[in-house]
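4 protein chains.
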Amino acid sequence: MPLQFSFEQKVLFKHCDPAGIAFFPRYFEMINDCVEQFFDEALGWPFEELLQNEGVPTAEISTRFLAPSRHGDRLRLLLTVTRVGRSALGYRIDATCNGAHRFEAEATLVHVDKSGTPTAWPEAIRAKLKENGS
Amino acid sequence: MPLQFSFEQKVLFKHCDPAGIAFFPRYFEMINDCVEQFFDEALGWPFEELLQNEGVPTAEISTRFLAPSRHGDRLRLLLTVTRVGRSALGYRIDATCNGAHRFEAEATLVHVDKSGTPTAWPEAIRAKLKENGS
Amino acid sequence: MPLQFSFEQKVLFKHCDPAGIAFFPRYFEMINDCVEQFFDEALGWPFEELLQNEGVPTAEISTRFLAPSRHGDRLRLLLTVTRVGRSALGYRIDATCNGAHRFEAEATLVHVDKSGTPTAWPEAIRAKLKENGS
Amino acid sequence: MPLQFSFEQKVLFKHCDPAGIAFFPRYFEMINDCVEQFFDEALGWPFEELLQNEGVPTAEISTRFLAPSRHGDRLRLLLTVTRVGRSALGYRIDATCNGAHRFEAEATLVHVDKSGTPTAWPEAIRAKLKENGS
Chain A
88 MPLQFSFEQK
98 VLFKHCDPAG
108 IAFFPRYFEM
118 INDCVEQFFD
128 EALGWPFEEL
138 LQNEGVPTAE
148 ISTRFLAPSR
158 HGDRLRLLLT
168 VTRVGRSALG
178 YRIDATCNGA
188 HRFEAEATLV
198 HVDKSGTPTA
208 WPEAIRAKLK
218 ENGS
Chain B
88 MPLQFSFEQK
98 VLFKHCDPAG
108 IAFFPRYFEM
118 INDCVEQFFD
128 EALGWPFEEL
138 LQNEGVPTAE
148 ISTRFLAPSR
158 HGDRLRLLLT
168 VTRVGRSALG
178 YRIDATCNGA
188 HRFEAEATLV
198 HVDKSGTPTA
208 WPEAIRAKLK
218 ENGS
Chain C
88 MPLQFSFEQK
98 VLFKHCDPAG
108 IAFFPRYFEM
118 INDCVEQFFD
128 EALGWPFEEL
138 LQNEGVPTAE
148 ISTRFLAPSR
158 HGDRLRLLLT
168 VTRVGRSALG
178 YRIDATCNGA
188 HRFEAEATLV
198 HVDKSGTPTA
208 WPEAIRAKLK
218 ENGS
Chain D
88 MPLQFSFEQK
98 VLFKHCDPAG
108 IAFFPRYFEM
118 INDCVEQFFD
128 EALGWPFEEL
138 LQNEGVPTAE
148 ISTRFLAPSR
158 HGDRLRLLLT
168 VTRVGRSALG
178 YRIDATCNGA
188 HRFEAEATLV
198 HVDKSGTPTA
208 WPEAIRAKLK
218 ENGS
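As you go down the protein sequences, you meet chains A, B, C and D in turn.
Under the working numbering, the first residue of the first sequence is numbered 88, with each subsequent residue one higher.
Under the working numbering, the first residue of the second sequence is numbered 88, with each subsequent residue one higher.
Under the working numbering, the first residue of the third sequence is numbered 88, with each subsequent residue one higher.
Under the working numbering, the first residue of the fourth sequence is numbered 88, with each subsequent residue one higher.
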């Protein structure tokens, strides 16, 4: 079973647009927050350390918005590791509210050095990414 | 030739992250601004009118980030209409800086009524979406 | 002793600018999140309910940024009620990290009805705002 | 007559909240964009150059929101230089729509070196800041 990580986010006033639903660029901030917390809590590698000499820019992300989310909704973003490459990490996000799907994303990020060159994951991180999440 | 629309956006301080490059959720704000200006200038249907009784939520968007953009870069987002459905609109975005690709996106948005139900495009809008952009 | 409310916020990647410190407009999102949580948890009046037929727009806010905050810093925003008017609420925010001041704000928000007209606080809310916070 | 600079900003979808009016933290992004463009166009010192080795963090800002702004409103932010210190710059912002006041701010920013230490303005910049704006 792949490594998974769960992130809770209430839909706040700041996330919502004049139609009263979450503005889709805000979902990408939530996804970024989820990935940041995943690195911190699941991998033990907080962004504030990682960013000193390395980076993990997003290379691609595909997102489907299945149903709108409203102010006050309590979202759960479930991150699942889908691929561990030499320097790449594939993951998907399933965002639900009370079990109903709201949006889903598939993304790839890349571990780079200070110059932006793709660089192999540290062995300890690779081991954690590949470990059985259950 | 499909309808196209060009949108200029300098990469500003607010767009950039601690790595000194544009933070990817900010690209989705730029894409939204581009689509909003396309509706205003190319279709003559500004969002502030459209939103009174209708909406155009994004149903899906797939984005590839090809090269980082830095503070001060002058981006050009070229929107190309790729599909005009009964209530859907497919488009792609090619974002370049001095001709070099930075990111590209394919997206679908849907015309909905006040209740969120997909609704056919008004005939005048459909005609503009289908007209030869050259 | 006036009513107080404490809100924790780690400085995340999304908050930081190319100088590696929190971008000041992001502090106002933090303040708004703090006020939203104060209404929810201290007053039992979540924004998603309040906003159905009323509003609490900010009338004025004065902020002093005393020291920069960096990615990873764990901020504590302490909200103190400073004035309860017929329809106005004055509060101050003291933001600290490990006890050291980072920024402080004084603000006034106003309870309005759907038309935007200032409206007296409901009696139960006024009572809570005026209760001894200790 | 002090140096002044005018900045135009349409209120866009992304700026607006569920109440259909501009979300106040977004005004601080507009103010920051205005100051960034002032440095670029009025002082000839774009932030993307300035930020290489220096910074201009905001030290304090006081804002009064006089009337709400709605999606589609065309705002004009008028920046007026109010004080030129050794390393500080005081300015005010008067934001109007068709001549009617929407918000006003008074702020101080400080010229700092890479370490964050306040540093005198370059003489050429000081001269421009003090020149008669008419």
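It cannot be assumed that every hint is accurate.
Cut-off 27 Å, straight-line C-alpha distance, at most; resulting in silico cross-link-like pairs (DSSO-like, lysine-lysine) [stated by the list, open to error]: (1) D:Lys101 <-> B:Lys101; (2) D:Lys201 <-> B:Lys201; (3) B:Lys101 <-> D:Lys215; (4) B:Lys217 <-> B:Lys201; (5) D:Lys97 <-> B:Lys97; (6) C:Lys217 <-> C:Lys201; (7) A:Lys217 <-> A:Lys201; (8) C:Lys97 <-> A:Lys215; (9) A:Lys101 <-> D:Lys97; (10) B:Lys97 <-> C:Lys217; (11) C:Lys101 <-> A:Lys97; (12) C:Lys97 <-> D:Lys101; (13) D:Lys217 <-> B:Lys215; (14) A:Lys201 <-> D:Lys101.
By construction, these hints were calculated from the structure, which means they are not laboratory data.
Here is how each hint holds up against the structure:
1. D:Lys101 <-> B:Lys101: The hint holds at about 14 Å.
2. D:Lys201 <-> B:Lys201: violated, 52 Å
3. B:Lys101 <-> D:Lys215: This hinted pair holds, its Cα atoms lying about 25 Å apart.
4. B:Lys217 <-> B:Lys201: holds, 25 Å
5. D:Lys97 <-> B:Lys97: It holds: about 16 Å lies between the C-alpha atoms, which stays within 27 Å.
6. C:Lys217 <-> C:Lys201: holds, 25 Å
7. A:Lys217 <-> A:Lys201: Judged against 27 Å, a Cα distance of about 25 Å means the pair holds.
8. C:Lys97 <-> A:Lys215: holds, 24 Å
9. A:Lys101 <-> D:Lys97: holds, 19 Å
10. B:Lys97 <-> C:Lys217: Distance of about 48 Å is beyond 27 Å: violated.
11. C:Lys101 <-> A:Lys97: holds, 17 Å
12. C:Lys97 <-> D:Lys101: holds, 25 Å
13. D:Lys217 <-> B:Lys215: Status violated; Cα separation ~51 Å.
14. A:Lys201 <-> D:Lys101: Roughly 33 Å between the alpha carbons, so the hint for Lys201 of chain A and Lys101 of chain D is violated.
Checked against the numbered hints given earlier, the structure breaks hints 2, 10, 13, 14 and satisfies all the rest.
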